[in-house]
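Q: Fit chain to chain and form the complex, with the hints in mind.
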Amino acid sequence: MKTTKRFLILALPVMVILVALMGAAVEQAVTCDQKALKDAARAKLDPFKYDSGKVTQLRYKNKPQMKEIEVPVFVGEKYRMVFNTEEVTRNVVISVYNKDKETKNRKVLWTSKNSPAGTKLHVFEPENAKFKFFVDYDLPAVTDSLPAAECVVFMLGYK
Amino acid sequence: MKLFYAALVPVVLLSACGSETPETPAGDTGKADSVAGTVELIETNSSLPTPFRVAAMFKRSELNYLPGITYGTEKASMYSTKFQLAQIMGVYSADMAYSVLNKQTNEGQKYLKTVREVGNKINLSKVFDQSNLYDRFNANMDKEDSIGSIVADIQYATDLQLEENQQNELYGIIFSGAWIESMYIAGEVYKKEGNENVVQALFEQMAVLKSIIAELEAYKTKDQGIPGLIEQLSSLQAEFDALPSVKKLNEQPDMDFSDVKPAKGEMDPLIKKIGEIRATIVKG
Numbered sequence: 001m002k003t004t005k006r007f008l009i010l011a012l013p014v015m016v017i018l019v020a021l022m023g024a025a026v027e028q029a030v031t032c033d034q035k036a037l038k039d040a041a042r043a044k045l046d047p048f049k050y051d052s053g054k055v056t057q058l059r060y061k062n063k064p065q066m067k068e069i070e071v072p073v074f075v076g077e078k079y080r081m082v083f084n085t086e087e088v089t090r091n092v093v094i095s096v097y098n099k100d101k102e103t104k105n106r107k108v109l110w111t112s113k114n115s116p117a118g119t120k121l122h123v124f125e126p127e128n129a130k131f132k133f134f135v136d137y138d139l140p141a142v143t144d145s146l147p148a149a150e151c152v153v154f155m156l157g158y159k
Numbered sequence: 160m161k162l163f164y165a166a167l168v169p170v171v172l173l174s175a176c177g178s179e180t181p182e183t184p185a186g187d188t189g190k191a192d193s194v195a196g197t198v199e200l201i202e203t204n205s206s207l208p209t210p211f212r213v214a215a216m217f218k219r220s221e222l223n224y225l226p227g228i229t230y231g232t233e234k235a236s237m238y239s240t241k242f243q244l245a246q247i248m249g250v251y252s253a254d255m256a257y258s259v260l261n262k263q264t265n266e267g268q269k270y271l272k273t274v275r276e277v278g279n280k281i282n283l284s285k286v287f288d289q290s291n292l293y294d295r296f297n298a299n300m301d302k303e304d305s306i307g308s309i310v311a312d313i314q315y316a317t318d319l320q321l322e323e324n325q326q327n328e329l330y331g332i333i334f335s336g337a338w339i340e341s342m343y344i345a346g347e348v349y350k351k352e353g354n355e356n357v358v359q360a361l362f363e364q365m366a367v368l369k370s371i372i373a374e375l376e377a378y379k380t381k382d383q384g385i386p387g388l389i390e391q392l393s394s395l396q397a398e399f400d401a402l403p404s405v406k407k408l409n410e411q412p413d414m415d416f417s418d419v420k421p422a423k424g425e426m427d428p429l430i431k432k433i434g435e436i437r438a439t440i441v442k443g
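Residue numbers (this note's numbering), protein chains in the order written: chain A, 1 to 159; chain B, 160 to 443.
A hint or two may mislead.
To be verified - Partial selection, computed: residues in chain B whose CB lies under 8 angstroms from chain A:
| hint | residue |
| --- | --- |
| 1 | Arg212 |
| 2 | Tyr224 |
| 3 | Gln314 |
| 4 | Glu363 |
| 5 | Ser370 |
Stated by the list, open to error - Lysine-lysine pairs mimicking BS3-like chemistry, simulated, CA-CA at most 30 angstroms apart:
| hint | chain 1 | residue 1 | chain 2 | residue 2 |
| --- | --- | --- | --- | --- |
| 6 | A | Lys99 | B | Lys218 |
| 7 | A | Lys101 | B | Lys406 |
| 8 | A | Lys78 | B | Lys280 |
Note that these hints are calculated values from the structure, not bench results. The model shown is predicted, which means the values in this text are computed figures rather than measured ones. Note that the Cβ used here is the ideal one computed from N, Cα and C, for glycine as well.
Looking at chain B on its own, in the form it has when it is part of the complex (with noise of 0.2 angstroms):
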C-alpha cells in the first residue's frame, strides 16, 4: 500500500504542474518558447527604435557637434565580456551616429571599425559581410539619406543574426548603450551651450526607458549583467518621474510629452545620472 502511495505522488505532482495556470496578463512578457529554426524567443512588449534614430533625433533639436566627448576607440580592447562588449558596442555605435550626422567623416570611419570589431566578438561578423554593409557605409558617410538607408539595412542584418545566433538578450543591452552614450552627449552639449531644445529633446528621449527597461527585463535571466542595468535604469526612470513636470503629466493622461516643457535646471539632476550611468558603462 505504501508503495501505491509513493507512486502516486509523482502523478499528483505532475497533475498539479498540468492544472490551469494562472492568466497572464495580456501584454505580459512570456515565457521562452522554441521556434523552428532553432530560434529561441521570448517574448516582448516592447519594440525598440535604432540607435542611429536616437542620434538623428537629437540632430534636430540642433545638438552641435563638440570634438572630445564621445569614448575614445583606443579603449575599446579593454572588454571581454558578452555583457560589456554589447554595451561598449551600442555607445561606439551611438558615437558614430553622432560623428557621421555632424560630417566628422574620419571620426565615423573610426567608430564603424571599431563597432565592428567588436562586433565580431560577439558574433555578430555576418552583419558587416552581407551585402557589403561595411563598404557602402564607408563610401556614404557624407551622404545622410543614404547613410539612413544603410542603417536601417544594418539594423536589419543584426536583428536577424540576433535571432539566428539566439542571442536576442544582447539587443536591449546594445540599444541601453547607445541610448545612454546619445544622451550623454546631448547632456554634455547642454553644459556647454546651454541650448533648451536639447533640454527638451532629452525629456522626450526618456519616454523609450520603459520600453528598454521592459526589453531588459524579458531577457533579465539571460545574463548576469542586465539585473544591475535594469537597477540603474529604473532608478533614472524613478528620478524623472519624480521631477514636477512628469508629474504633472502623469495626471493628465492627455498629454503628452511635448505638451510640457521641463523649467530650467528641472533636468540637470538627471542629465548627472546619466553622467554617472555612462561612467559605469564604460568602466566595463
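Just chain A, with the same shape it has in the complex (with noise of 0.2 angstroms):
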C-alpha cells in the first residue's frame, strides 16, 4: 500500500509534465496550407511579376495584438500587394503605412476595413513607392477556443 502511494506521489508531477507538454504541441500546430495559399495569391497578383512573399502566423491572445512587416521597395516602381486571408476567421485588420509603428503621424495607406465584407484576397496596388512599407496585421483579444492560430500571406508584385 505504502509502495502505491509513493507511486502515485511520483507519478502524478510525470503525467502533469506529459499532459502539459502534449497540450503545448497541439497549441503550436498550426494547420497551414502555405502552398495553396500563396498560389491563390500569385494569381491575384498577374499581370505583376512575383517579388516576394511571407506567411505570417496569427497567434491570438486574449488581448488584442499587433504584428508589423516591413517591406523594402525601389524608388517609382509600381507594385501590388496581395493578402491571402482565406484561413482567417477572425476579424483582423491588415493595414498599410508608409512608415513604421514607432513614427508619429505616419499615413495609411490602405485598410482592409474598406474591403467589402467577406473579402479573402486583398489586393492593393500603392502609388509613389519610396523604400519602405509597413505592413500592420491587428489582432483581435480572442477568449473562445477556436483556434488559437491561423495564417495569412502576403505577396508582392512588380511590373
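A: Right, here's the structure in full:
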C-alpha cells in the first residue's frame, strides 16, 4: 500500500508534465497550407511579377496584438500587394503604412476595413513607392476555444 | 514528506514555464512554429526583394558593364558547406543578373549554369526543373521583359522549395551574397567611371540592409555561419549610420533616402568595406 502511494506521488507530476507538453504541442500545430495560399495570392498578382511572399502566423491571445512586416521597395517602381486571408476566421485588420509603428503621424495608405465584407483576397496597389512600406496585422483579443493560431499570406509583385 | 516535496518540484517548475510569458513586441521575430505539411516556419518581420531586382535598380542608375569584375565561375567548386554554397549562389546570381541586364549573353549563360550547379548542391535542383525554367531562361536571355518574368518564376519556385525543404534560413544567406555582390560591382564601376548616379543608387540600396540583418537574425541559430555574417553586415550598417548624410536623414523622420544626396567621397569608406565583405564571402 505504501509502495503504491509512493508510486502515485512520483507518477503524478510526470503525468502532469506529459499532459502539459502534449497541450503545448497541440498549441503549436498550426494547420496552414502555405503553397495553396501562396498560389492563390500569386494568381491575383497577375500581371505584376512575383517579388516576394511571406506567411505570417497569427497567434491570438486574450488581448489585442499587432504584428508589423517591413517591406523594402524601390523608388518609382509600381507594386501590387495581395493578402490572402482565406484561412483567417477572426476579424484581423490589415493596414499598410508609409512609416513604421514607432513613427508619429505616419499615414495609413490602405486598410482592409474598407474591403467589401467577405473579401478573402485583398489587393492594393500603392502609389509613389519610396523605400519601405509597413504592413500591420491587428489581431483581436480572443477568449473562445476556436483555433488559437491561423495563417495570412502577404505577396508583393512589381511591374 | 520529503518525497512529497520532491514530487512537487517539477510541478512548480512546469507552472513557472506555463505562466504568462512576457509579451513579444509587435513585429518582433517569433519562435519556430510547425506548420501542416511539415513546414517549419520561423517568422521574420521583413520581406526581401529578389537579387535580380537589386541588379535591375543599379542598371537604372546607368551602371555600365565592365568586364572582369564579376566572380569567376571556375571557382564554384571551391565551396562545400551549405553556408558557403548559399552565399556563393547569391554572388553568382548577382553576376548573372549583371551580365544578362547588360546583354552579355555568353557570360549570363555561364552564370546560369553555375547557379544551377551550386543550387543542386543545396537541394534546390527542383527549382530549375519546374516548367523548364532553365531552358526558358537560356532561350530568352536577350529579352529583358521575358527574363524578368522567368526570374519571378524562379524566385517563386525557390521560395516554395526552401519552405518545402525547411531551409528558409538559406534565403537570407543567398540574398546577402547577391546584395553584397551587386553593391561590390556598383562600387567597382564607380571607382573606375565616377558616375555619381551609381553612388546615389548605392546610398539608396543601403535601405535594404536592415531588412537583411533582420532576416538573418531570425535564423541565426540555424547555421553557424550566420552570426559572423550578421556581425559583418551590422558593422557595415553602423558605418553607414555614422555618415553625415545619414545622421541628417535620421534627425528628420519625414525625409527619405531620395531626399539626401551623399557628399562627394562620403560613400568611399563604405565601398571599401563592401569590398572587404565580398572578399570574405568569396574566400569561403
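Q: With reference to the structure, classify each hint as holding or not holding.
A: Hint check results:
| no. | hint | in the structure |
| --- | --- | --- |
| 1 | Arg212 | 7 angstroms, holds |
| 2 | Tyr224 | 21 angstroms, violated |
| 3 | Gln314 | 6 angstroms, holds |
| 4 | Glu363 | 7 angstroms, holds |
| 5 | Ser370 | 5 angstroms, holds |
| 6 | A/Lys99 / B/Lys218 | 27 angstroms, holds |
| 7 | A/Lys101 / B/Lys406 | 21 angstroms, holds |
| 8 | A/Lys78 / B/Lys280 | 35 angstroms, violated |
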